[in-house]
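With chain A fixed as given, assemble chains B and C onto it according to the hints.
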Amino acid sequence: MAKAVLDKKLAASVNILPKASSLYFWNGEIEEATEILLLIKTKTSKVHTLSSYIRLMHPFEIPEIFSLPIDRGDAHYLKWLEESMKEE
Amino acid sequence: MAKAVLDKKLAASVNILPKASSLYFWNGEIEEATEILLLIKTKTSKVHTLSSYIRLMHPFEIPEIFSLPIDRGDAHYLKWLEESMKEE
Amino acid sequence: MAKAVLDKKLAASVNILPKASSLYFWNGEIEEATEILLLIKTKTSKVHTLSSYIRLMHPFEIPEIFSLPIDRGDAHYLKWLEESMKEE
Chain A
14 MAKAVLDKKL AASVNILPKA SSLYFWNGEI EEATEILLLI KTKTSKVHTL SSYIRLMHPF
74 EIPEIFSLPI DRGDAHYLKW LEESMKEE
Chain B
14 MAKAVLDKKL AASVNILPKA SSLYFWNGEI EEATEILLLI KTKTSKVHTL SSYIRLMHPF
74 EIPEIFSLPI DRGDAHYLKW LEESMKEE
Chain C
14 MAKAVLDKKL AASVNILPKA SSLYFWNGEI EEATEILLLI KTKTSKVHTL SSYIRLMHPF
74 EIPEIFSLPI DRGDAHYLKW LEESMKEE
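Going line by line, the protein sequences match chains A, B and C.
Heads up, the numbering used here is the position in the first sequence plus 13, with the first residue counted as 1.
Heads up, the numbering used here is the position in the second sequence plus 13, with the first residue counted as 1.
Heads up, the numbering used here is the position in the third sequence plus 13, with the first residue counted as 1.
Chain A with its partners taken away, still in its complex shape (with noise of 0.2 Å):
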């Protein structure tokens, strides 16, 4: 999923965390599952897109997807940020 959003230009970056154990509702129970969570950057263009391929591509029914806004970043990381994500 990580390579794929990035060979889409999706996002500039992604970070695999070690995996996670999960609990979350589940047609009314608490379910416990190990999930691995990605921390996606990219503009906030993109989100809307983002997010509907990777519920397209993600194997759970609803998948957890939300984005939480950048309050200030680097200059430099910032124009390497929106240079990554230029369509050729």
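Treat the hints with care, since some could be wrong.
Because identical chains cannot be distinguished in the list, a pair is counted as satisfied if it fits within a single copy or across any two copies.
Said to hold, decoys possible - Here are the computed lysine-lysine pairs in the DSS-like style, where the Cα-Cα straight-line distance is at most 25 Å: (1) K59 - K92; (2) K32 - K99; (3) K16 - K99; (4) K16 - K59; (5) K54 - K32.
It should be emphasised that the hints constitute simulated quantities derived from the structure, not laboratory data.
Then chains B and C, alone, in the frame of chain A:
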């Protein structure tokens, strides 16, 4: 803690990250400890009650509790979150 | 890095997450590397100085540095954060 906040419908899901090491100030000194971060997904309306519950249950004198606002979320996911937290 | 930012009172606490794998663009190619994410908790007023310090100290040409705004925080925790960052 993760199970308890779900049992009380104070959250819809919790990720329990693998152990992390933490550096922090305590009485003016820099201390190091192994900690487990919980990423708790909930509704804004429950943040205050959830924080108070964690403060009550947590073994630390001052546990690190703060909330990050979700910018956008997948519609199906947000609907699931809302339904999961409905009180019976 | 984590100890240094505390020593300089640029932050109140740092979580050092376990190694994560990262995919990112570099010179138009997708690269993979093992990285360590630092979750640095600080005050908005220190974000710029903290970012500049990390850029100076970090071995990468363009380290990933951005800030996420805290929405709400436990009152005791925020008081602790404020006091921890007071310059002697």
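These are the hints, each one checked on the structure:
1. Taking the shortest alpha-carbon separations for K59 and K92, both the intra-copy value of 16 Å and the inter-copy value of 22 Å come in at or below 25 Å.
2. Proximity of K32 and K99 under a CA criterion of 25 Å is satisfied in neither setting, with 31 Å inside one chain copy and 29 Å between copies.
3. Proximity of K16 and K99 under a CA criterion of 25 Å is satisfied intra-copy only: 16 Å inside one chain copy versus 37 Å between copies.
4. Taking CA atoms no more than 25 Å apart as the test, K16 paired with K59 passes inside one copy only; the shortest distance there is 16 Å, against 34 Å between copies.
5. In this homomeric assembly, K54 and K32 come within 25 Å of each other (Cα to Cα) both inside a single copy, at 19 Å, and across copies, at 18 Å.
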